[in-house]
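Each chain, written out:
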Amino acid sequence: MKPSADPRRRRLLKLGLGGALAVAAGGTALRWLAGGYGSQLAPGDTPIALSPKEFAVVKAFVDALIPASGAFPSGVALGVHQRIDEEMWSAAAPMRGDMKNGLQLLEHATLLDGFGSRFTALGAEARLAYIEALLRARPGALQQVAFALKEMAYLFYYARTETWKGIGYDGPFVAIPKPPDSRAAYQALVRQGSAS
Amino acid sequence: MTGRVLGYREIAADVVEQCDVCVIGTGCGGATLGVRLAEAGKDVVFLERGGAYTKEDFDQREDNMLAKVDGGRGLDMSDDGSVQRLYGNNVGGASVHYWADSYRTPPDRLAHWAQEYGLTGHGEADLAPHFDALERDLSVHEAEPRYYNRMNQLLKLGAGRLGWRGAPVPQARKGCIGSGYCQQGCAYDAKQSQLVTHLPRAVAAGARVYADTEARALEMTGGKVSTLAAAVLDRGTGMPNGRSVRVQAKALVLAAGGYGSPVFLLRNGFKARLPAVGEHTYCNPCPMTHAIFDEEIVMFRNIPAAWGIDHFRLATMDGDRYAEGGYLLMANQLQPAELAAVLPGTGASHRALMTKLRKLGGAISWIDDVEEGSVSLDGDRARYQVPLGGGNELRIRDAFAKQARLLLTVGAKEVLFGDQRDTRITKVGEIERAVRSLAIAPGNFVFAAPHPAGGARMGADARTSVVGMDHRVHGTDNLFVADPSVFPTAPSVDPSLTIMAFACVAAAHVKASLA
Ligand SMILES: Cc1cc2nc3c(=O)[nH]c(=O)nc-3n(C[C@H](O)[C@H](O)[C@H](O)COP(=O)(O)OP(=O)(O)OC[C@H]3O[C@@H](n4cnc5c(N)ncnc54)[C@H](O)[C@@H]3O)c2cc1C
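From first to last, the protein sequence lines stand for chains A and B.
According to numbering that gives the first Met the number 0, the first sequence is numbered sequentially starting from 0.
According to numbering that gives the first Met the number 0, the second sequence is numbered sequentially starting from 0.
The set of hints was computed from the structure by calculation and includes no laboratory data.
Fair warning: there could be bad hints in the mix.
Not the full set, but computed from the structure, chain B residues with beta-carbon under 8 angstroms of chain A [said to hold, decoys possible]:
#: 1; residue: Gly159
#: 2; residue: Ala339
#: 3; residue: Ala340
#: 4; residue: Gly346
#: 5; residue: Gln419
#: 6; residue: Ala433
#: 7; residue: Ser436
Some chain B residues judged to face chain A by a derived CB distance under 10 angstroms, without partners named [what the hints assert, rightly or not]:
#: 8; residue: Asp56
#: 9; residue: Arg60
#: 10; residue: Asp233
#: 11; residue: Glu337
#: 12; residue: Pro343
#: 13; residue: Arg357
Each computed EDC-like pair below joins lysine to aspartate or glutamate, with the alpha-carbon atoms no more than 16 angstroms apart [as the list claims (entries may be wrong)]:
#: 14; chain 1: B; residue 1: Lys355; chain 2: B; residue 2: Glu431
#: 15; chain 1: B; residue 1: Lys270; chain 2: B; residue 2: Asp460
#: 16; chain 1: B; residue 1: Lys358; chain 2: B; residue 2: Glu294
#: 17; chain 1: A; residue 1: Lys177; chain 2: B; residue 2: Asp56
#: 18; chain 1: B; residue 1: Lys358; chain 2: B; residue 2: Glu413
#: 19; chain 1: B; residue 1: Lys358; chain 2: A; residue 2: Asp169
#: 20; chain 1: B; residue 1: Lys173; chain 2: B; residue 2: Glu143
#: 21; chain 1: B; residue 1: Lys223; chain 2: B; residue 2: Asp476
#: 22; chain 1: B; residue 1: Lys510; chain 2: B; residue 2: Glu143
#: 23; chain 1: B; residue 1: Lys355; chain 2: B; residue 2: Glu392
#: 24; chain 1: A; residue 1: Lys177; chain 2: B; residue 2: Glu55
#: 25; chain 1: B; residue 1: Lys355; chain 2: A; residue 2: Asp169
Source: prediction; values computed, not measured.
All C-beta atoms, glycine included, are put in the ideal place defined by N, C-alpha and C.
This is chain A alone, in the form it adopts within the complex (with noise of 0.2 angstroms):
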């Protein structure tokens, strides 16, 4: 479903209006609907900051953003959507909230833009139309985490060296990666989550 830009863009700009306390507020209000998402969970898939719910909304963004395209493989095969919640593991505190909270938010708002049914939910196509039309919108919180999203995502999967061919970029000097003492600690974690 695609409805036209403008009463959408619309409706997006109210839902801005509420700005940080939106997040604030609604977002928590909004985790009691977190039925079903744990049997989302794809094999490999192991949330450690996000809940079930909130992972499944950055997988669904990511999904949408990057798909797979000749040469290059789609974000999800590359594991942006995990990156990102290590990332959210890393943060501080605040900023941790700041994104559950928006994510709790972004799952629902497509209801009230009127994209008939949750993001996770939506096809590809329209998760993407509804994802532009965030970052378009006037600032607000919505839009600071479908920003803060999309950076993520591109800063991590342009991080891979599976896309550097593609773009034409011959790669760091160093030969060996030495990645920061956080990776060590998070993927500690995850392997507990996926053992257990």
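Using the hints, position chain B with the ligand against chain A.
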């Protein structure tokens, strides 16, 4: 005392230190001050919240390096998303990921600070000997033409065609190989950051550096800081690991950076006594324009800003009205993943841009912001306000227009302003209308803000400033500030050398206070 650097793995028990001087922060401010005091025979202890790294840790991978050396892992924004706050979080501070542009403070700005804000002891003649020494110690020099990547060559060419004044940008480098990974930490120790200049000298003179150690609470007796309590952070989790460092120092110097020092003062209750704490802040928001060329640009290699346009550094007025300028104009440099994060568009349109990576170039400006921001506390959470309107907006629009003109003059086929609507132009005649249509609003652009200043400004009056001319916090006996939070405004050029020169002045005052 034997100098050493200790990180969270080495700090095996709670520590109590007694010393002459404790310095919070190891960036341009803290390290420059600390080395001077250590080499003068003072017993110096540094506390640094971030990790201690060496060139072997700088693997040139963008996401790895953001996580290691950037404050907030590079993702911190101001409160409403108006700017992206870039700052250091490691031994050596932001100098480890800076571009190494090394300007002296322009004399007109020092004169302005003296006339408008009453600064003394920080004039051109006072700072000149410090600049001489710093330039020597950091090998500051003009880069030879072989260090100009194509974007810098084009910037110079365009400036010539347009009649805009420019010059080589002084560089703090020695033996640079032109890899282009300045922002990821120099894997060759060629960039003359604090990590390879002042800090090793300070340690050789006996200073102890506690990395992964966050300074938290001051214990005061009257106007005197008696003890500083700090928590050791586990670098893996970012959380306190239960160890503490307590420092009893004759003098305590706050050099936690322009974003960090005002927050430290707020958390320690100074706002009640000094209302200017957290006020009058600046950050040089950086509008950037991207361009698609027919030729290869490869902006991600070589020195980021080898040659710069200073023609518009000072704003000019038409009577009472702003006419133009108020920024530096440079070639932009972003590595691929960071470029991807700031490019406009989504899905197929974004991918189409990324596949042109080698032909993408761009320009960037640091706006000499005139509208003041502020930082405050909401509970324990720091809230940064950065206004984009008023005089800041006028300067941002003008910078966009000049960047576009320059890029089109040197052959750009398409110029992108980077806004969420993905405004693009192909002709000079389209600039005015396009720039007028841009919404200069939070969330519409990624304005990097790498040069925080103010928040603990210098002045004679405790009602309107935080530190005196001797860098001492008003009403205290032994608490000093030595970083850009003491600046009354932004310095109108990249700030590192100004921060260091001010820190030299501060060091002399701290030393005198110990006598
Ligand atoms: C990408 C980028 C490029 C830049 N390029 C240039 C350039 O080319 N030329 C130029 O002149 N300037 C440049 N700058 C700006 C310049 O790097 C900084 O202005 C300068 O390094 C700041 O020095 P500082 O000592 O004030 O603060 P910082 O370098 O930020 O140091 C402060 C230190 O204090 C620590 N700290 C904070 N709070 C605490 C606490 N509570 N306890 C313990 N430690 C604490 C921080 O971890 C940090 O390491 C650039 C900045 C960035 C981000």
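Do the hints match the structure? See the list:
no., hint, result
1, Gly159, "violated (29 angstroms)"
2, Ala339, "holds (4 angstroms)"
3, Ala340, "holds (4 angstroms)"
4, Gly346, "holds (5 angstroms)"
5, Gln419, "holds (5 angstroms)"
6, Ala433, "violated (16 angstroms)"
7, Ser436, "violated (13 angstroms)"
8, Asp56, "holds (6 angstroms)"
9, Arg60, "holds (5 angstroms)"
10, Asp233, "holds (8 angstroms)"
11, Glu337, "holds (7 angstroms)"
12, Pro343, "holds (9 angstroms)"
13, Arg357, "holds (5 angstroms)"
14, B/Lys355 / B/Glu431, "violated (26 angstroms)"
15, B/Lys270 / B/Asp460, "holds (15 angstroms)"
16, B/Lys358 / B/Glu294, "holds (6 angstroms)"
17, A/Lys177 / B/Asp56, "holds (6 angstroms)"
18, B/Lys358 / B/Glu413, "holds (11 angstroms)"
19, B/Lys358 / A/Asp169, "holds (14 angstroms)"
20, B/Lys173 / B/Glu143, "holds (12 angstroms)"
21, B/Lys223 / B/Asp476, "holds (5 angstroms)"
22, B/Lys510 / B/Glu143, "violated (39 angstroms)"
23, B/Lys355 / B/Glu392, "violated (31 angstroms)"
24, A/Lys177 / B/Glu55, "holds (9 angstroms)"
25, B/Lys355 / A/Asp169, "holds (14 angstroms)"
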